[in-house]
Amino acid sequence: MNNSIFFEKYNVTSRDLETYLAEGLSRGGDYADLYFEYRINHSIILEEQIIKSATKSINIGVGVRVISGDKTGYAYSDNLNREHILKAARTAAFIANSSSEGGTIGVQTPSGHDHGFYSVPKVPAALEIVDKIALLLEADQAARACDSRIQQVQASYVDETKHVLIATSDGRCAWDLQPLVRLNVMCIAEENGKRQSGYQGGGGRRALDVFTGDLEPKALAREAARQALLQLRAIDAPAGPMEVVLGPGWPGILLHEAIGHGLEADFNRKKTSAFAGLIGHKVASELCTVVDDGTIPFRRGSLNMDDEGNPTHRTVLIEKGVLQGYLQDRLSARLMKAPLTGNGRRQGYDHIPIPRMTNTFMMSGESAPEDIIKSVQKGLYAVHFGGGQVDITSGKFVFSASEAYLIEHGRVTAPVKGAALIGDGPTVLRQVTAVGNDLALDQGVGICGKDGQTIPVCVGLPTIKIREITVGGTEK
Amino acid sequence: MHDLRPAAEQVIHRAVKGGATAADVMIREDETFSVNVRMGEIETLKEAISRSLLLRVFVGKRTATSHTSDLSEELIDQLVDETIQMAKLTSEDNSGGLPDQSVFQSDFPDLNLLDPEWEKLKPEQRIGLAIRAETAALSADKAMYDRLPPRSGEHAGVFGCV
Chain F
1 MNNSIFFEKY NVTSRDLETY LAEGLSRGGD YADLYFEYRI NHSIILEEQI
51 IKSATKSINI GVGVRVISGD KTGYAYSDNL NREHILKAAR TAAFIANSSS
101 EGGTIGVQTP SGHDHGFYSV PKVPAALEIV DKIALLLEAD QAARACDSRI
151 QQVQASYVDE TKHVLIATSD GRCAWDLQPL VRLNVMCIAE ENGKRQSGYQ
201 GGGGRRALDV FTGDLEPKAL AREAARQALL QLRAIDAPAG PMEVVLGPGW
251 PGILLHEAIG HGLEADFNRK KTSAFAGLIG HKVASELCTV VDDGTIPFRR
301 GSLNMDDEGN PTHRTVLIEK GVLQGYLQDR LSARLMKAPL TGNGRRQGYD
351 HIPIPRMTNT FMMSGESAPE DIIKSVQKGL YAVHFGGGQV DITSGKFVFS
401 ASEAYLIEHG RVTAPVKGAA LIGDGPTVLR QVTAVGNDLA LDQGVGICGK
451 DGQTIPVCVG LPTIKIREIT VGGTEK
Chain A
1 MHDLRPAAEQ VIHRAVKGGA TAADVMIRED ETFSVNVRMG EIETLKEAIS
51 RSLLLRVFVG KRTATSHTSD LSEELIDQLV DETIQMAKLT SEDNSGGLPD
101 QSVFQSDFPD LNLLDPEWEK LKPEQRIGLA IRAETAALSA DKAMYDRLPP
151 RSGEHAGVFG CV
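In order, the protein sequences belong to chains F and A.
The numbering of the first sequence is our numbering, which starts it at 1 and goes up by one.
The numbering of the second sequence is our numbering, which starts it at 1 and goes up by one.
These are computed hints drawn from the structure, not numbers from a lab.
Computed from a predicted model, the values in this text were never measured in an experiment.
Possibly wrong hints are sitting among the right ones.
Unchecked claim - Here's a subset of chain F near chain A, in silico, CB distances under 8 Å, partners left out: (1) ALA54; (2) TYR74; (3) ALA75.
Said to hold, decoys possible - Within a straight-line C-alpha distance of at most 25 Å, the following computed DSS-like cross-link-like pairs (lysine-lysine) qualify: (4) F:LYS87 / A:LYS88; (5) F:LYS218 / F:LYS9; (6) F:LYS122 / F:LYS270; (7) F:LYS52 / A:LYS61; (8) F:LYS271 / F:LYS282; (9) A:LYS120 / A:LYS88; (10) F:LYS9 / F:LYS194; (11) F:LYS122 / F:LYS87; (12) F:LYS9 / F:LYS87; (13) A:LYS122 / F:LYS87; (14) F:LYS282 / F:LYS320; (15) F:LYS417 / F:LYS396; (16) F:LYS337 / F:LYS271; (17) A:LYS88 / F:LYS52; (18) F:LYS282 / F:LYS218; (19) A:LYS88 / F:LYS122; (20) A:LYS17 / F:LYS52; (21) F:LYS396 / F:LYS270.
Said to hold, decoys possible - These stretches of chain A come out as covered by chain F in the derived footprint (C-beta under 8 Å, 3 or more residues): (22) 37-46; (23) 73-86.
Note that the Cβ used here is the ideal one computed from N, Cα and C, for glycine as well.
Next comes chain A alone, as it looks inside the complex (with noise of 0.2 Å):
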């Protein structure tokens, strides 16, 4: 992981010498890493590292945000000045604002969330990890041999409207 702040802060920076009255931003990086197993074998793998940038501008009390996942330096100067403009379309609103910096925390307990095990574990280990796991439900019944489903999630929607 490498040290987000001092992105984030020239963001706040050029955002407010634009015109902002008040901005917050969020830079985060994720890694990701998912296998789909069926039938003891690898059916997907994926993996990858992203990186996105989400600002959000007030001008008096409009609003309005943005999100992108190229963080090159060109592109950021010109979104924050489209930001900026954006905002000024928008309506003034009464609810809206940064909460009072007095509740604003960047020093957080730590809860204890993420096992540092889960860091070192290597690809095979997680690989193996979901063929154990079929391998159990598999194992579970003799009428999960007969139907052979054993992904999960097959389901799909279609929502309408809003």
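Chain F extracted, bound-state conformation (with noise of 0.2 Å):
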């Protein structure tokens, strides 16, 4: 595709753009853009050994957004037809309240996007929907031969097109077009009466051909099914102050919750973040690098540009422990003087954006992950969570572990059922005493909600160690 479809489809002009942007700052105003989306999701779930549903889902509309100092006004339209567009300007433009003249916007030729880390041969949209059911129910079977103690299982699979439009009143026209996939897996597994669930999941901005590998539904159901049965015979989390190592891969959410959305600009300009005004001071043991990365091939929170149309960027926001940034959208970045990092983000055509993360991750360090459990005495090892969430002014946070275990005399011993992490992110953050040398993203599930928001991201860490932290256990 080498022209957005709402120049081929929708017969959206150059000059309607410049129109609706003059529109929205006819009554003054800093800056206006548009964003125009088209966005297609499926979702089919199987239940109970059925295809139980499917569902497709079509977005589109357009939001206008208007600028006037640190006020925004924004209006969105579900009707591409000029006078809709034209109207929900002239609401956006109510923010600004000088009377003077707009004056003449030029938009640039439109362009594509920046970078190309996602270019599928055929849409999600596209594909056959038989070809999606054969997903689920490889992995029914595949979970369900694993032991016969697999009771239950759920599995999903939800795909999205999107074609994002941008335009903006300092002349730049960008377009891109973002395809997402993800399947997961939850078994119940049920034993004398007990019941435990597992769950894995997978995805990028791909087609179907990720579903390979570690992806496979095979691999992913029997992810589920063994985290269900292990957690059979997990006993119960000790409680109190201790020695936590994480795991690789997606205990990365602590890292985003923890660091990563105190670090967001809004919060920071506003100074409601636990980080306001740290920048340059050492918030991190220095073996702490943390880095928020749009830009890796096929990742879940990648995109060639963000939802304001500027490119996205490798943004170190901790170096060796010590603040670098934030996380900027336009309106932050212009009031805090800062950079452009191309983390402004929206959940669709009727959200206003603001700094998100995409993919967020500490670097690797130089410990071996096996030295690092063999260097604890009496501690935790938690490798999956099931989510979590932070207080954004205190820091502190709160997350579930689905998957961990015992570490007694420098080995992993008996699984334990319910440990929840209980701390705060500037805190826990300079209690790491070891960062191993094996980096992971997490597989490709993960969802962010802010602002009542809801967006694609992706986590990732290598296995660390944290002097101490709270685990609410479940021992009496």
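Dock the two chains into a complex; use the hints.
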């Protein structure tokens, strides 16, 4: 595809874009932009060994944003007719209240994105439903074949094909086509009246070819089954402060919550983050280098351009323990006089872009993971998490570990259930005492919510050791 | 608000003609107005009217659903056909199906849930309400001035899997 669907199918012209933007700035205002979106989602669910439902969803619309100082006016239309868009532009314009003439705006010849991080031969929306269903059936069969104690399997397949066109009052115009697929498997194992569940999922900005190797439906199903079965023999988690080792990959959600959100520029501009005003200060152990990188090919959090039309970057947030900068969207970057980082993201045309993460991870260190385990006398080894949340202002977080083990005398021993990790971001990073050489990104399942907007993200971590973290256990 | 019933009936008719043994449709029209204020000033103001259509079809005991924010006739016609095709690819589900006609209700009692005064509120009045609430919070305690975080909802989370 070498042109945007909005020009080809919806006959939007550069001239139209200029007219809408001029209307947006008709009452003054410093800046205006347009975000056209055409998004097709498919979702198929397998339950009780049958394909229970299939859903197709189409969302089309345009959002008009006008910025005046630090105020934002926003309106959107799910109708791409000229009159509707002009009305939305007039509504958004109301945020500015000078009567000055907007003047004329010249929009450059539309160009594609700057990168090519996820070109696919055929977009997910154009793939056969039967092929998507086949993935679910394969997962179901593989999970049930693992063990007779696997009593229930739920599997879901979701995909997204998103066309985006962005035009700005400073003359830029860019478009992108963003594919995204994900397959999740949940197993319930049952034995002697006890029931436990296990989850595994994977995907990325690709087509169905992503589901090979570790992401093969069989492999995801076996992993979900393994976790459920493991939990059947898990013992109660110990409680109290203790040394904790986090495994590589998905445990990066701890980094995402505890550090990542606190480094989003809006919270820091308003000084509501625990990290506000700390650039150049040591905020973490010198073993920690934390990066947000939206430019990794095919990853769930990757973008050719952010939702404000700016190219994504590799942004070093913390280098050897020292805070380097924040994740910026356009508004915060301008108000903080900071460079753009390509982190302005939004859920859709009906939402205002805000600073968000892309793929966020800690760089590998020098320790061998097995040496990290050996160095712990008594502690917890957490390798998989169900989810977590953070209070940005205090930095306090809580996570529930869905797979964790005791570490006793340098060895990983019994699996434990119900362990929750409780702490605060600024403290936990200072307590990192070892970083492994095994950085891994998660397999492509992250969904991040903020201000009522959910977006796909990716997290990553090498094995790390934290001197002390409070474990909310289940031991009586 | 438009009368959405004829449009809904047309979609049902189209679905039945296309091979659905049963179908239900929901068309909604939403009016959104939201304002965030901070330190007595508007921070963000958002306004829109949007419509969407949700269709569920049954082909025997098989089902599929679809949703669109584009209510153009051409697209809806195509989507109805695609939804029926999708339904044919799902499995037979004995617990699926529409509720019996006799329990379907379309004449609802007015529970007095919508304050008619609300619709009369002008944007300036709505903004005024937000500013009043913030001012009250700021004046409740000196600490609110020092910490400056009057916006609520600054929580974020990431959720894995299913």
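Against the structure, the hints come out as follows:
Interface hint at ALA54 of chain F: satisfied, since its Cβ lies 4 Å from the closest Cβ of chain A, which is below the 8 Å cut-off. Restraint check, TYR74 of chain F versus chain A: the minimum CB separation of about 4 Å is within 8 Å; hint holds. This hint holds: ALA75 of chain F has a C-beta 5 Å from the nearest C-beta of chain A, less than the 8 Å allowed. Straight-line distance between C-alpha atoms of LYS87 of chain F and LYS88 of chain A comes to about 41 Å, which puts the hinted pair past the 25 Å bound.
Taken as a hint, the LYS218 of chain F and LYS9 of chain F pair is broken in the structure, with Cα atoms around 40 Å apart against an allowance of 25 Å. A hinted pair counts as satisfied when its Cα atoms are at most 25 Å apart, and LYS122 of chain F with LYS270 of chain F does not qualify at roughly 43 Å. Proximity of LYS52 of chain F to LYS61 of chain A is assessed by CA-CA distance (about 10 Å); at most 25 Å being required, the pair is judged to hold. For the proposed pair LYS271 of chain F and LYS282 of chain F, the alpha carbon gap of about 18 Å is at most 25 Å, so the pair holds.
With a C-alpha separation of about 48 Å, the suggested pair LYS120 of chain A and LYS88 of chain A falls outside the 25 Å cut-off, and the hint is violated. A distance of roughly 56 Å separates the Cα atoms of LYS9 of chain F and LYS194 of chain F; the hinted pair therefore is violated under the 25 Å criterion. This hinted pair does not check out: LYS122 of chain F and LYS87 of chain F have alpha carbons roughly 36 Å apart, beyond 25 Å. Straight-line distance between C-alpha atoms of LYS9 of chain F and LYS87 of chain F comes to about 22 Å, which keeps the hinted pair within the 25 Å bound.
Proposed proximity of LYS122 of chain A and LYS87 of chain F is supported: the alpha carbons are some 17 Å apart, at most 25 Å. Straight-line distance between C-alpha atoms of LYS282 of chain F and LYS320 of chain F comes to about 9 Å, which keeps the hinted pair within the 25 Å bound. Note on LYS417 of chain F and LYS396 of chain F: the hinted pairing holds, with a Cα-Cα distance of about 22 Å set against a maximum of 25 Å. Proposed proximity of LYS337 of chain F and LYS271 of chain F is supported: the alpha carbons are some 15 Å apart, at most 25 Å.
Using a Cα cut-off of 25 Å, the hinted pair LYS88 of chain A and LYS52 of chain F holds, with the two alpha carbons roughly 12 Å apart. The suggested pairing of LYS282 of chain F with LYS218 of chain F is violated, with an alpha-carbon distance near 45 Å, which exceeds 25 Å. In summary, the hint linking LYS88 of chain A to LYS122 of chain F is supported, as the alpha carbons are separated by about 24 Å, within the 25 Å threshold. Our distance criterion of 25 Å between C-alpha atoms is met by LYS17 of chain A and LYS52 of chain F, whose separation comes to about 24 Å.
A C-alpha spacing of about 18 Å is found between LYS396 of chain F and LYS270 of chain F, which places the hinted pair at or below 25 Å, so the restraint holds. Interface restraint, the segment 37-46 of chain A with chain F: holds (7 residues with C-beta to C-beta distance below 8 Å; minimum three). Figure legend: the segment 73-86 of chain A, annotated as covered by chain F; annotation consistent (6 residues with Cβ-Cβ distances under 8 Å, at least 3 required).
Of the numbered hints given earlier, the model fails hints 4, 5, 6, 9, 10, 11, 18; all others are met.
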